[in-house]
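Novice: Got chain A sorted already, so can you dock chain B with the ligand onto it with the hints?
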Amino acid sequence: MSMKILVTVTEVAEVEDEFEVAGDDIAEQYLEYDLNEWDDYAIEEAVQISEENDDVEVVTATIGPERSEETIRMALAKGADRAVRVWDDAIESADYLDTDSKADLLAAVVEEEDPDLVLSGVQSADEANGATGVTLAEKIGFQWAAVVNDLDLDIEGGVASVHRELEGGVEELTDVESPAVLTIQSGINEPRYASLRGIRQAQQKPLDVKTIDDVGLDESVVDSPLAQTSMYEPESEGDATIWSGGPEEEAEQLAEFLRDKGVVDA
Amino acid sequence: MSDVLAVTEHRRGELRDVSLEMVSAGRDLADEMGGDLHLAVISGDVDAYADQVNREGVDAIHTVEYGEEFNHDVYAQAVEQLADDLDAEYVLMPNSVNGLDYAPAVAEGLSLPLVTDVVDFSADGELEVTREQYGGKVETTIEVSEDRAAITTRPAEWPQAEGQGDAEVSAFDADIDESQIQSTVTGFEEVAGGDVDISEAEFLVSIGRGIEEEENLPLIEALVEATDATLSSSRPIVDNGWLPANRQVGQSGKVVTPDVYIAIGISGAVQHVAGMKGADTIVAINTDPNAPIYDLADYGIEDDLFDVVPALIEEFGGEVPDV
Ligand SMILES: Cc1cc2nc3c(=O)[nH]c(=O)nc-3n(C[C@H](O)[C@H](O)[C@H](O)COP(=O)(O)OP(=O)(O)OC[C@H]3O[C@@H](n4cnc5c(N)ncnc54)[C@H](O)[C@@H]3O)c2cc1C
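Residue numbers (numbering that gives the first Met the number 0), protein chains in the order written: chain A, 0 to 265; chain B, 0 to 322.
Next up, chain A with everything else stripped away, as it sits in the complex (with noise of 0.2 Å):
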């Protein structure tokens, strides 16, 4: 039995320590772009599973302008088949990229590729809007589960059993029919590290590139009823004293600080 696995990629950006805003966003000097941590993971789950079983083909889908082709290479790297970007002037210039309109491009790729199993990571740790993976499912008419932390696929049987990790502990242990949207949570495996050889043949993996067009969509699914007016660095809400002096002088303040508090007798 053949299956199809699509893992939603995004790269995302990382904000060096200093940093300054500019216009509605941190000026480009200061970000560096990597791989989503949780798409990671997503990715580490569906190269497994392609490994355990004969036959699974494992697509990434990615909204992203050219320079996150970088990212999706690693995704390739680690074991995914082959992937596709979509990107194009309208989505470049778009105000305010919603979790609607990244959905409605998503789901279009979902229409063409026709995967059994969509996986997608639990958020995107710059935007963290925590949204697009449910929204797909909701828009291709699959089912779902959200922040995924481990994952046992009856294929034939057409039911994922999952964990989903609830808040203090706990952990909540459920059946979704499939096809399914999973959006999975850091930690469910260990994220293998691409070697050389896969980098090497990520380079020949067919990677498309396709507009808005081409997934048969028109501009309009860049418009949003959100638009974002301003960004800026809060008020810093504490008033820390804060040691100085070198990492001696620093670490003897700190010493005696928990020496007068009573925590440590040494």
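Source of the hints: derived by calculation from the structure; they are not laboratory data. All values reported here derive from a predicted model rather than from experimental measurement. From the three backbone atoms N, C-alpha and C, an ideal C-beta is built for every residue, glycine too. One or more of the hints may lead you astray.
[Said to hold, decoys possible] Some chain A residues flagged as far from chain B (calculated, every beta-carbon gap over 10 Å):
id, residue
1, Glu68
2, Arg72
3, Asp113
4, Ile154
5, Gly215
6, Ser219
7, Ser235
[Unchecked claim] To be clear about the criterion: a stretch of chain B counts as covered by chain A if any three or more of its residues have a C-beta under 8 Å from a C-beta of chain A, and this derived list gives those stretches:
id, segment
8, 36-47
9, 99-110
Specialist: For chain B with the ligand alone, coordinates are given in the frame of chain A:
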């Protein structure tokens, strides 16, 4: 009028604290937009929960009796029908783990714009919400140009509502389509047991991703030994398998309330803070002066942990390992 429908939450027979926060957040939004606050109580012992959330500021409570535990298909259907029936402009849901599982479906089902993990509302004609980005390093304001929206609010951001309310409680006869329920909760499992209980510790030395590699862990262990502290960590350390799950502090780990909590190489993400904000004194060792951990730290050392920790071990006469 712009009415608000706020959804409450319970688990395994108990109302969750976030439900009372939803009352405060809902009241806040209803006041900003000039409307009534309705609450939805869905599944389980709805009358008991309705009684518990009947606090000052609530205008009406609607109960939907169906099953015991949370199921996203039941919640989504009930909330959508109730919002339609009430003509509520704003549907407010918690950004809890279950909120992540049904709020986007409600937004999609009702064709509402969705904004998640909101920490503040303001209205100047149009609704503007505040949310964080880039791990809490910046805040953004999002303007909602429609006069309807689905919004999830960050847990522990609003206080728990107090004061006895006198809202009328009525049963809402939701028409739950069983063929649409395609997931089944088969049970619950407690994880993170074991020999150490970090929630009992008085002095915690806690390590985060700043430690970089598992090979560097002995450095922290030496500090723990020299100070007779208990070792805990943020999530990535447990995700990586460097420490067992029972050492994890935070939303999905343990809640700790020690006299002193030293956060070393931990940024202070909201899910981490959920587990340690009750510590009496918080000390942060973090090179990044903008890290959100400094918002709640009492003391800080804005320096490299690989320099500070060895010096600290020596202060207490410990042996600094070669890492
Ligand atoms: C549903 C859900 C549940 C979650 N539950 C939890 C939870 O229970 N507990 C939890 O902790 N997280 C939880 N998280 C994850 C959380 O969002 C963060 O990803 C995580 O807390 C980050 O851990 P960290 O602070 O160790 O790492 P980072 O955010 O990467 O921070 C590392 C910090 O180390 C500092 N640093 C780096 N090098 C040095 C150095 N040499 N010296 C000093 N400082 C240095 C950096 O400046 C940075 O601030 C959850 C997330 C989700 C979505």
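Novice: Are at least 3 residues of the segment 99-110 of chain B within less than 8 Å of chain A when you compare beta carbons?
Specialist: Three-residue rule met by the segment 99-110 of chain B, so holds; n is 9.
Novice: Over 10 Å from every CB of chain B: does Glu68(A) meet that, or does the non-interface label fail?
Specialist: At roughly 23 Å from the nearest Cβ of chain B, Glu68(A) sits farther out than 10 Å, so the non-interface label holds.
Novice: Is the Cβ of Ser219(A) more than 10 Å away from each Cβ in chain B?
Specialist: Holds: least Cβ distance 14 Å, greater than 10 Å.
Novice: If we take the beta carbon of Arg72(A), is the closest beta carbon in chain B still more than 10 Å away?
Specialist: holds, 23 Å
Novice: If I take the minimum Cβ distance from Ile154(A) to any residue of chain B, is it greater than 10 Å?
Specialist: holds, 17 Å
Novice: Should the label of Gly215(A) as a non-interface residue stand, given a Cβ cut-off of 10 Å to chain B?
Specialist: holds, 19 Å
Novice: Does Ser235(A) really sit off the interface, with its C-beta more than 10 Å from all C-beta atoms of chain B?
Specialist: Ser235(A) not clear of chain B: closest Cβ-Cβ about 6 Å, inside 10 Å.
Novice: Minimum C-beta separation from Asp113(A) to chain B exceeding 10 Å: can you confirm that?
Specialist: holds, 19 Å
Novice: Has the segment 36-47 of chain B got at least three residues whose CB is nearer than 8 Å to a CB belonging to chain A?
Specialist: violated (count 0)
In summary, the numbered hints that this structure violates are 7, 8.
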